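Undergrad: As a plain string of letters, each chain reads:
2 protein chains.
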Amino acid sequence: MNKAPDYSATYVVLETDSPAGLEGHGLTFTIGRGNEICVAAVKSLAPLVVGLTLEEITANMGEFWRHITTSDSQLRWIGPEKGAIHLATAAVVNAVWDLWAKSQGKPVWKLLTDLSPEDLIRCLDFRFVTDAITPDEALEMLQHHAPTRAMREREMRKHGYPAYTTSAGWLGYSEEKIRQLAREGIAQGWKHFKQKVGGDIEEDIKRARMLREEIGWQRTLMMDANQVWDVDEAIVKMRRLAEFKPWWIEEPTSPDDILGHARIRANIAPIGVATGEHAHNRVMFKQLLQAGAIDFCQLDAARLGGLNEVLIVLLMAAKFGVPVCPHAGGVGLCEYVQHISIFDYIGVSASLENRMLEYVDHLHEHFIEPVAIKNGHYMPPAKPGYSITMHAESLTRFEFPQGVEWKK
Amino acid sequence: MNKAPDYSATYVVLETDSPAGLEGHGLTFTIGRGNEICVAAVKSLAPLVVGLTLEEITANMGEFWRHITTSDSQLRWIGPEKGAIHLATAAVVNAVWDLWAKSQGKPVWKLLTDLSPEDLIRCLDFRFVTDAITPDEALEMLQHHAPTRAMREREMRKHGYPAYTTSAGWLGYSEEKIRQLAREGIAQGWKHFKQKVGGDIEEDIKRARMLREEIGWQRTLMMDANQVWDVDEAIVKMRRLAEFKPWWIEEPTSPDDILGHARIRANIAPIGVATGEHAHNRVMFKQLLQAGAIDFCQLDAARLGGLNEVLIVLLMAAKFGVPVCPHAGGVGLCEYVQHISIFDYIGVSASLENRMLEYVDHLHEHFIEPVAIKNGHYMPPAKPGYSITMHAESLTRFEFPQGVEWKK
Numbered sequence: 001m002n003k004a005p006d007y008s009a010t011y012v013v014l015e016t017d018s019p020a021g022l023e024g025h026g027l028t029f030t031i032g033r034g035n036e037i038c039v040a041a042v043k044s045l046a047p048l049v050v051g052l053t054l055e056e057i058t059a060n061m062g063e064f065w066r067h068i069t070t071s072d073s074q075l076r077w078i079g080p081e082k083g084a085i086h087l088a089t090a091a092v093v094n095a096v097w098d099l100w101a102k103s104q105g106k107p108v109w110k111l112l113t114d115l116s117p118e119d120l121i122r123c124l125d126f127r128f129v130t131d132a133i134t135p136d137e138a139l140e141m142l143q144h145h146a147p148t149r150a151m152r153e154r155e156m157r158k159h160g161y162p163a164y165t166t167s168a169g170w171l172g173y174s175e176e177k178i179r180q181l182a183r184e185g186i187a188q189g190w191k192h193f194k195q196k197v198g199g200d201i202e203e204d205i206k207r208a209r210m211l212r213e214e215i216g217w218q219r220t221l222m223m224d225a226n227q228v229w230d231v232d233e234a235i236v237k238m239r240r241l242a243e244f245k246p247w248w249i250e251e252p253t254s255p256d257d258i259l260g261h262a263r264i265r266a267n268i269a270p271i272g273v274a275t276g277e278h279a280h281n282r283v284m285f286k287q288l289l290q291a292g293a294i295d296f297c298q299l300d301a302a303r304l305g306g307l308n309e310v311l312i313v314l315l316m317a318a319k320f321g322v323p324v325c326p327h328a329g330g331v332g333l334c335e336y337v338q339h340i341s342i343f344d345y346i347g348v349s350a351s352l353e354n355r356m357l358e359y360v361d362h363l364h365e366h367f368i369e370p371v372a373i374k375n376g377h378y379m380p381p382a383k384p385g386y387s388i389t390m391h392a393e394s395l396t397r398f399e400f401p402q403g404v405e406w407k408k
Numbered sequence: 001m002n003k004a005p006d007y008s009a010t011y012v013v014l015e016t017d018s019p020a021g022l023e024g025h026g027l028t029f030t031i032g033r034g035n036e037i038c039v040a041a042v043k044s045l046a047p048l049v050v051g052l053t054l055e056e057i058t059a060n061m062g063e064f065w066r067h068i069t070t071s072d073s074q075l076r077w078i079g080p081e082k083g084a085i086h087l088a089t090a091a092v093v094n095a096v097w098d099l100w101a102k103s104q105g106k107p108v109w110k111l112l113t114d115l116s117p118e119d120l121i122r123c124l125d126f127r128f129v130t131d132a133i134t135p136d137e138a139l140e141m142l143q144h145h146a147p148t149r150a151m152r153e154r155e156m157r158k159h160g161y162p163a164y165t166t167s168a169g170w171l172g173y174s175e176e177k178i179r180q181l182a183r184e185g186i187a188q189g190w191k192h193f194k195q196k197v198g199g200d201i202e203e204d205i206k207r208a209r210m211l212r213e214e215i216g217w218q219r220t221l222m223m224d225a226n227q228v229w230d231v232d233e234a235i236v237k238m239r240r241l242a243e244f245k246p247w248w249i250e251e252p253t254s255p256d257d258i259l260g261h262a263r264i265r266a267n268i269a270p271i272g273v274a275t276g277e278h279a280h281n282r283v284m285f286k287q288l289l290q291a292g293a294i295d296f297c298q299l300d301a302a303r304l305g306g307l308n309e310v311l312i313v314l315l316m317a318a319k320f321g322v323p324v325c326p327h328a329g330g331v332g333l334c335e336y337v338q339h340i341s342i343f344d345y346i347g348v349s350a351s352l353e354n355r356m357l358e359y360v361d362h363l364h365e366h367f368i369e370p371v372a373i374k375n376g377h378y379m380p381p382a383k384p385g386y387s388i389t390m391h392a393e394s395l396t397r398f399e400f401p402q403g404v405e406w407k408k
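Protein sequence lines, in the order shown, are assigned to chains A and F.
Each residue of the first sequence is one higher than the last, beginning at 1 in my numbering.
Each residue of the second sequence is one higher than the last, beginning at 1 in my numbering.
Quick caveat, the hints were computed from the structure, so don't treat them as lab data.
Here the structure is a predicted model, which means the values were calculated and not measured.
It cannot be assumed that every hint is accurate.
Copies of the same chain are indistinguishable here, so a pair counts whether it falls within one copy or spans any two.
To be verified - With a Cα cut of at most 35 Å, we get these calculated DSBU-like pairs of lysine-lysine:
1. K43 to K407
2. K319 to K206
3. K43 to K374
4. K383 to K43
5. K374 to K407
6. K3 to K106
Between the sequences and the hints, there should be enough to build the whole structure, so can you do that?
TA: Laid out in structure tokens, this is it:
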């Protein structure tokens with residue numbers, strides 16, 4: 001479905017009048033054309049943010065989030081809370097978290113860890129999800145794990161958060177290329193391999209067999225259909241692929257199809273169902289959880305409306321006992337999601353069971369503090385902020401359309 | 001939720017090289033700011049349409065629709081099939097239908113009526129909905145009613161399609177204003193009255209009582225919450241309002257909340273649940289129907305991805321036995337939906353039971369062929385096209401930002 005991506009980003013800088021020259025940086029990820037639409041959406045949101053003080057915002061982040069998503073009813077109309085306007089919301093809201101964390105001299109995961117459960121709840125807007133989780137329930141969950149946060153923080157600092165890579169098994173690669181990538185992955189110590197499926201089923205089967213030959217049965221094989229199947233088709237195809245014992249099938253059908261995912265899951269167990277990179281807001285995740293539609297919650301840090309909404313999804317997933325394995329790759333998603341998963345472990349789920357963070361070794365060189373992988377684990381970022389600040393030179397070189405990279 | 005709208009439209013003109021100077025016009029409706037984002041999205045979609053011939057498109061409209069929504073995977077990413085890019089799709093696709101109908105010298109409803117069931121099915125893309133309706137089932141449904149189409153066409157030409165109006169009972173109106181609007185509506189012969197709810201519940205109750213005093217118990221009262229409630233809140237509030245016997249509650253909660261609507265419906269029967277003006281694609285309607293979440297399907301002609309997707313929703317609603325009462329008002333929505341409901345009756349549902357078309361007496365003067373209401377019925381449009389072509393003078397005067405209306 002996502003053929004020929006040209007990784008792009010809508011990049012937001014919140015300037016301040018602080019003597020220290022503090023800036024908040026945030027981005028939303030796109031795959032090329034359409035980025036200009038998200039840029040237009042950010043410009044339309046700007047009047048809701050420009051002129052506020054950071055103190056006004058952080059005094060009640062929950063109210064600020066509702067202000068951004070709801071107070072301009074005219075902008076809300078073209079969502080609501082979906083599509084370009086919500087992608088733009090992600091960039092703006094994440095830039096505010098970056099700014100807040102920088103002002104505190106902490107990485108975002110640590111800012112979250114140091115917030116009391118009560119203060120964290122005040123950052124969240126529970127509108128439309130109170131039938132699944134109330135602020136009081138969420139508070140209780142956070143309080144339950146608060147006394148042991150320090151222990152898990154030490155563990156994260158020492159060992160990091162487990163990662164998996166996704167470089168092998170893509171559609172259109174030759175047999176040699178797939179075998180070679182699998183061997184390289186094994187040599188690098190990776191234990192999880194993801195195969196793209198959804199083309200010709202005989203080809204999918206052939207590549208699955210090839211991958212199992214290379215990685216054996218001790219390592220884990222996942223499959224990813226990128227939304228190409230209808231519901232019944234997904235069931236038929238996954239039953240044929242079941243012999244290769246995939247751990248999960250990712251995006252088997254339309255990301256909007258909650259009931260469809262539930263039906264697929266019921267019909268292909270024990271293969272798990274994973275989705276979320278295109279689930280657009282907390283209401284969709286709420287229903288995926290309520291309907292028992294997913295085994296893995298793959299939220300996207302730049303598609304949900306910023307960290308506030310991500311935190312609500314983390315809390316709901318923990319309540320429903322579904323592990324969160326965020327979507328990453330693209331531009332900056334790895335940088336974002338390490339904060340999310342590390343805090344998920346320290347403060348929300350307190351579990352690493354069936355949890356891993358996607359990792360793609362691509363485009364990290366543009367970031368001031370690129371992700372650091374050690375022994376297949378994401379090591380906690382140390383610099384203040386949300387790790388999304390790019391080198392000034394990268395921003396200049398790649399700015400559309402005037403950057404030198406576009407003149408070539 | 002939609003306070004302070006400033007009715008706007010993203011207006012598309014498809015020019016052709018036909019000697020007759022044929023043009024296809026289409027629009028998507030917005031409520032002000034955010035329209036510029038939809039305009040940007042239309043510009044991004046343009047390369048997918050410019051250069052095609054009408055004959056290429058109409059030879060396989062289903063393929064064309066998939067081409068517009070899926071062939072540019074980069075643009076699809078910022079949806080998929082939702083938000084600004086899908087609103088833009090509506091404007092472009094509807095402009096194609098307008099062009100096709102004009103080229104045939106027929107209004108759109110008549111073009112549809114004259115297409116054979118087989119040809120109509122070829123206009124549709126059933127991706128993601130085949131678990132609810134297959135092309136074969138849809139064909140059979142169309143064939144079933146085809147022999148009697150002419151009879152219903154005559155009926156429509158003679159009596160038109162029943163309408164209801166929505167001018168009374170808005171939030172923020174004074175008691176005198178509400179009573180006066182109700183009396184005016186009764187004097188004009190209207191039988192349905194819609195009250196906005198979702199503010200202070202005591203105020204909602206007061207206005208409901210006032211409206212019942214004016215309209216009595218023979219006329220129909222509907223309520224519209226415009227998405228302000230959480231699920232449990234909607235149930236509590238509607239139980240209090242039940243004594244006024246509302247026929248339906250419209251948009252009780254988030255438009256994305258399929259399971260929430262189903263739970264509300266199960267808990268407030270016999271009050272019906274209506275939604276759809278913000279349901280963004282056929283996958284959402286499929287689930288609303290599968291989950292038994294709605295009594296009335298209020299699809300929006302400019303939010304779904306154009307007439308092709310609307311037709312699929314009509315077919316699914318007919319299969320599930322749910323009446324379609326399209327959302328109208330705004331700019332041009334009344335002009336669009338008359339074609340939809342008239343064809344729904346002639347070719348798809350063949351029923352008028354519990355069906356009415358929303359009507360708002362506002363902004364029709366900008367259209368070459370404004371809707372014609374006679375005895376509370378929409379009379380079938382006669383001019384070729386989708387009735388969405390505006391007067392050149394209106395387009396010039398109101399074009400943002402250079403039109404004279406914007407210089408005032």
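Undergrad: Can you list which hints this structure breaks, lowest number first?
TA: The structure conflicts with hints 2, 3, 5, 6, although it agrees with all the remaining ones.
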